[in-house]
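Go by the hints and put chain Y onto chain V.
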Amino acid sequence: QKEVEQDPGPLSVPEGAIVSLNCTYSNSAFQYFMWYRQYSRKGPELLMYTYSSGNKEDGRFTAQVDKSSKYISLFIRDSQPSDSATYLCAMSATRNTGNQFYFGTGTSLTVIP
Amino acid sequence: GAVVSQHPSWVICKSGTSVKIECRSLDFQATTMFWYRQFPKQSLMLMATSNEGSKATYEQGVEKDKFLINHASLTLSTLTVTSAHPEDSSFYICSARGVRQRGANVLTFGAGSRLTVL
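Protein chains in written order, with this note's numbering: chain V, 1 to 113; chain Y, 1 to 118.
Excised from the complex, chain V in its bound form (with noise of 0.2 Å):
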């Protein structure tokens, strides 16, 4: 079993609907819960993080946090052309148990006009 488990998509939607992201994951040592975004070509870009459960929020983004079922949601309100990217989550435990980072295959997203 991979530890962060990701639907690839591709995932299309009109603009200015409401857009969810999910990651499972199986490794209850995680805290950190991290969303990127990708654009073709280029590095991931640190949308927002979350430390252990919860709900962030972030302008149009919401990040949430499960862990007692071990999912995590990145939501987009009024989705825009300009998020059409690969969506990528990640996952961490703390700094002190070492350096690893768990990635998703990513969510390959288009909104369309």
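To be clear, the hints were calculated from the coordinates, so they are not data collected in a lab. One or more hints might be untrue.
[Stated by the list, open to error] Capping the alpha-carbon separation at 27 Å, the derived lysine-lysine pairs in DSS-like fashion look like this: (1) Y:20 to Y:55; (2) Y:41 to V:42; (3) Y:64 to V:42; (4) Y:20 to V:2; (5) V:56 to V:2; (6) Y:66 to Y:55; (7) Y:55 to V:56; (8) V:70 to V:56; (9) V:42 to Y:20.
Values in this document were obtained by computation on a predicted structure and should not be read as measured data.
The following block gives chain Y in isolation, referenced to the frame of chain V:
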């Protein structure tokens, strides 16, 4: 805050030559840096982890003599592809872990370097 600069963004070289890619943390000290390789439409493949002042730790299957990694300071790591061949053509991305918001364990990535070996 937490900006990682990577260059060159694009390099073309002849087969048999060596290419150096630099990764700098601009506004924080990066005690650990990671180098990834990414093929088209695929996820990140970790190549090696480097800690400042010590030898890099390479992932299984990555040739340490071909991909030389140096992390001589808290703000700079370099990847040198030695005697490059066309099969080394790829997108290389560095990332750094520093101190963010009370020691959060998150990564910041560079913009990536596209290597084409003719």
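Here's how the hints hold up against the structure:
1. Y:20 to Y:55: Given pair residue 20 of chain Y, residue 55 of chain Y holds - Cα atoms ~17 Å apart, limit 27 Å.
2. Y:41 to V:42: 12 Å, holds
3. Y:64 to V:42: With Cα atoms ~25 Å apart, residue 64 of chain Y and residue 42 of chain V stay inside 27 Å; holds.
4. Y:20 to V:2: 33 Å, violated
5. V:56 to V:2: 26 Å, holds
6. Y:66 to Y:55: Holds, at about 15 Å.
7. Y:55 to V:56: 37 Å, violated
8. V:70 to V:56: 17 Å, holds
9. V:42 to Y:20: 18 Å, holds
Checked against the numbered hints above, the structure violates hints 4 and 7; every other hint is satisfied.
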